[in-house]
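Peer 1: Sequence:
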Amino acid sequence: MQGFESLHNWLKQQSVVELHACMEATSIYGEALAEFLYGNGFQVSIVNPARIKGFAKSELLRTKTDSVDAALIARFCAAMKPALWTPTAPEVKELQALLRRLESVTEMMTSEQNRLETATYANCCCPYPRTFGVS
2 MQGFESLHNW
12 LKQQSVVELH
22 ACMEATSIYG
32 EALAEFLYGN
42 GFQVSIVNPA
52 RIKGFAKSEL
62 LRTKTDSVDA
72 ALIARFCAAM
82 KPALWTPTAP
92 EVKELQALLR
102 RLESVTEMMT
112 SEQNRLETAT
122 YANCCCPYPR
132 TFGVS
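Using the numbering used here, the first residue of the sequence shown is number 2, and each one after it goes up by one.
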């Protein structure tokens with residue numbers, strides 16, 4: 002990705018050879034950056050945001066901007082030395098994707114079954130259709 006390459010070039014320009022990048026866990030959104038950094042030989046930690054929030058409270062920090070958050074996470078990383086992250090094995094990622102797809106299909110099937118049951122019920126000879134939310 003272009004942004005990742007720009008970051009990598011900037012790090013080279015700054016003569017950065019060692020880096021411990023610390024990120025808040027954001028579901029799958031930060032994973033690509035973490036994998037990029039890891040693949041380029043940098044250390045990466047992905048931390049539960051609640052830990053960062055607790056650290057901010059310990060500093061009595063209330064301001065919430067991107068630059069303040071970045072500095073806070075850097076201080077957290079230096080002070081707490083969180084465990085290093087390693088990427089999920091490709092076969093595990095594939096299984097996770099298949100599971101998400103299965104859950105999605107199951108949800109769609111349930112929704113469709115419910116729709117069909119409602120439509121069938123609406124077409125029956127029910128004397129009180131509005132009682133059951135059918136008009």
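Honestly, the hints are just simulated from the structure, not real lab data. Among these hints, one or two may not hold up.
To be verified - Taking lysine-lysine pairs in the DSSO-like style, the calculated list, with each CA pair at most 30 Å apart, reads: (1) 54 with 65; (2) 65 with 82; (3) 94 with 82; (4) 58 with 13; (5) 58 with 94; (6) 54 with 82; (7) 94 with 54.
Peer 1: Regarding the pair residue 58 and residue 13, is the alpha-carbon distance no greater than 30 Å?
Peer 2: violated, 34 Å
Peer 1: Is residue 94 close enough to residue 54, meaning Cα to Cα at most 30 Å?
Peer 2: holds, 29 Å
Peer 1: Taking only the CA atoms, is the gap from residue 65 to residue 82 under or equal to 30 Å?
Peer 2: Satisfied, since the Cα-Cα distance of roughly 23 Å is no more than 30 Å.
Peer 1: Within a Cα-Cα threshold of 30 Å, do residue 54 and residue 82 meet the stated pairing?
Peer 2: Satisfied, since the Cα-Cα distance of roughly 16 Å is no more than 30 Å.
Peer 1: Going straight from one Cα to the other, do residue 58 and residue 94 come out at no more than 30 Å?
Peer 2: violated, 35 Å
Peer 1: Please work out if residue 94 and residue 82 have their alpha carbons no farther apart than 30 Å.
Peer 2: At roughly 27 Å apart (the allowed maximum being 30 Å), residue 82 and residue 94 satisfy the hint.
Peer 1: Would you check the hint for residue 54 and residue 65, treating anything up to 30 Å between C-alpha atoms as holding?
Peer 2: holds, 11 Å
The structure is inconsistent with the numbered hints 4, 5, although it conforms to all the rest.
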